[in-house]
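2 protein chains.
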Amino acid sequence: MEAGDFSDFNIRIAVVGLGLIGGSLALALRKLKPLEILGIDKDDIILEEAIRNGIIDRGCKAGPGVLELADLVIIALYPEETVEFLKENAYNFKKGAVITDTCGIKTGIIEEVNSFLPQDVDFIGGHPMAGKESKGLKAADQNLFKDANYIITPMPRNRNKNLELIKRIAKGIGCRDIIAITPQEHDRIITYTSQLPHVIAVSLMNSNVFEQNIGKFTGGSFKDATRVAAINSMLWSQLFTMNSDNLIDEIERFEESIKIIKKAILSQDKNTLDNMFNNASMNIRRMKV
Amino acid sequence: MEAGDFSDFNIRIAVVGLGLIGGSLALALRKLKPLEILGIDKDDIILEEAIRNGIIDRGCKAGPGVLELADLVIIALYPEETVEFLKENAYNFKKGAVITDTCGIKTGIIEEVNSFLPQDVDFIGGHPMAGKESKGLKAADQNLFKDANYIITPMPRNRNKNLELIKRIAKGIGCRDIIAITPQEHDRIITYTSQLPHVIAVSLMNSNVFEQNIGKFTGGSFKDATRVAAINSMLWSQLFTMNSDNLIDEIERFEESIKIIKKAILSQDKNTLDNMFNNASMNIRRMKV
Numbered sequence: 001m002e003a004g005d006f007s008d009f010n011i012r013i014a015v016v017g018l019g020l021i022g023g024s025l026a027l028a029l030r031k032l033k034p035l036e037i038l039g040i041d042k043d044d045i046i047l048e049e050a051i052r053n054g055i056i057d058r059g060c061k062a063g064p065g066v067l068e069l070a071d072l073v074i075i076a077l078y079p080e081e082t083v084e085f086l087k088e089n090a091y092n093f094k095k096g097a098v099i100t101d102t103c104g105i106k107t108g109i110i111e112e113v114n115s116f117l118p119q120d121v122d123f124i125g126g127h128p129m130a131g132k133e134s135k136g137l138k139a140a141d142q143n144l145f146k147d148a149n150y151i152i153t154p155m156p157r158n159r160n161k162n163l164e165l166i167k168r169i170a171k172g173i174g175c176r177d178i179i180a181i182t183p184q185e186h187d188r189i190i191t192y193t194s195q196l197p198h199v200i201a202v203s204l205m206n207s208n209v210f211e212q213n214i215g216k217f218t219g220g221s222f223k224d225a226t227r228v229a230a231i232n233s234m235l236w237s238q239l240f241t242m243n244s245d246n247l248i249d250e251i252e253r254f255e256e257s258i259k260i261i262k263k264a265i266l267s268q269d270k271n272t273l274d275n276m277f278n279n280a281s282m283n284i285r286r287m288k289v
Numbered sequence: 001m002e003a004g005d006f007s008d009f010n011i012r013i014a015v016v017g018l019g020l021i022g023g024s025l026a027l028a029l030r031k032l033k034p035l036e037i038l039g040i041d042k043d044d045i046i047l048e049e050a051i052r053n054g055i056i057d058r059g060c061k062a063g064p065g066v067l068e069l070a071d072l073v074i075i076a077l078y079p080e081e082t083v084e085f086l087k088e089n090a091y092n093f094k095k096g097a098v099i100t101d102t103c104g105i106k107t108g109i110i111e112e113v114n115s116f117l118p119q120d121v122d123f124i125g126g127h128p129m130a131g132k133e134s135k136g137l138k139a140a141d142q143n144l145f146k147d148a149n150y151i152i153t154p155m156p157r158n159r160n161k162n163l164e165l166i167k168r169i170a171k172g173i174g175c176r177d178i179i180a181i182t183p184q185e186h187d188r189i190i191t192y193t194s195q196l197p198h199v200i201a202v203s204l205m206n207s208n209v210f211e212q213n214i215g216k217f218t219g220g221s222f223k224d225a226t227r228v229a230a231i232n233s234m235l236w237s238q239l240f241t242m243n244s245d246n247l248i249d250e251i252e253r254f255e256e257s258i259k260i261i262k263k264a265i266l267s268q269d270k271n272t273l274d275n276m277f278n279n280a281s282m283n284i285r286r287m288k289v
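Top to bottom, those sequences are chains A and B. Heads up: the first sequence begins at 1 in our numbering, then just goes up one per residue. Heads up: the second sequence begins at 1 in our numbering, then just goes up one per residue.
Hints listed in this document are in silico derivations from the structure and should not be mistaken for laboratory results. Mixed in with the good hints there might be a few duds.
As the list claims (entries may be wrong) - Pair ranges (Cβ atoms, derived):
(1) B:GLU255 <-> A:ILE45: 41 to 51 Å
(2) B:GLY108 <-> A:LYS31: 32 to 42 Å
(3) B:PHE116 <-> A:LEU266: 28 to 38 Å
(4) B:GLY108 <-> A:ILE45: 22 to 32 Å
It should be emphasised that the depicted structure is a prediction, and the values quoted were computed from it without experimental measurement. All C-beta atoms, glycine included, are put in the ideal place defined by N, C-alpha and C.
With the hints as constraints, model all of the structure from the sequences given.
Printed below as a string of structure tokens:
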């Protein structure tokens, strides 16, 4: 069978990077009964563990030996490592292979990757919007993507049937909504819906000046507001700096929003506070957050 | 039996204000098997509903007729209404009665209330740190206080056995930790752990400029960060304005914290980002949030 010809899931899928996302993907993909799930991870121990637990069928520390077998390659590495892996392996893929990534930013990745990938492979940008506080294969969970949003950023060069494959994969691992937008739209919206909340959680945690165990003085609002503050620092420093223009814009818009509420509190202006609260409630309903 | 003499729970408890907090308190208090649970609410329909559903045993639209029977009075009104109710009913309480409130700010309330309450009643400031997005008796839930924090702010004039009663009540309704601090400490810490997260959630929601249904582009972080943005506007405009000095301080500290991360993103300074992320993670662990 030539890659790109997918009746049912008679395909071999390679997952690159067996961390939280890659491990969870491999576990969830099993339900789709592909011919084989292959794994690539630079860590021997992780590879052995993944094979021993049936998470992958076969594995390798590098691309060659695995990539030439895979009809679909899902890269679950950090942004910089994703580009690096693709650069190193640009000519190791099976002809016609579909390649997708899982990075939280898209514009920079897709532009760079398409500048060096050969025409006989099809790279489709993807972003499964799921995660949790713990990282690594030990945290992998076959239900991580249940009811999550999965964003894809198709480009004119992507083949329709390959886009359909990614959508089936996303549905198959449990995602509820699969949304196709441009990489630029993705990065702009995600700045607001994901990066800004992370900036806020970290800033809130870092603005603490209390010596006490403030855990005894919290209700649900503080726990919610800071849950993501235990941030994966290597991943997020890449995401923030690769998307800095959008992120600075969103932070400044948020700063303006804070300034308005601060002014109303300073001047004891309950009317303005009331309007702001009602606007926030209305937005929550309107956006079906 | 004189009020203030509590072997077991052979006492009558009055709950003033049968909204989410008052209704949930009444439901949770039932497990303690007090002699009677009395209710006060200005809304006839709510009173009837509370009696019909066995949430209270008897009720009244105003203080007289109920307050003279109650050994313990728990006021579950908004801050301004709490002071107003106590002012109107200062001389309607049973001699020796213990009175407590549930307001999210304490200094202003306690100073004012103690300026006019007669010496033969004992007012103890209380703050059960629980809530949810919906309001009113229909949202009342006997498990609302399960594992919550309950803060009390004892004053020198409070009698020890009355403080013990409030602690037993707090334990009895399911709270995990009962912490005694001064009203001033309470207001300062709560500004950071509760008011600031609400300011942030509202500001984040109000800084949205996207027309799209952004619900399709969110992961857990956005839902968490904005859960409390559907704010009870009457309650929170009181809480914010009555605590404005503390709140402005905390907002400004948070603004500084945001500025530091913004500067690091602007200058692509991954080292500083890394330090900030690690500091946030460490704080989360240290504070046992």
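(request) Give me the numbers of the hints this structure contradicts, sorted from smallest to largest. (result) Failing hints, ascending: 2 and 4.
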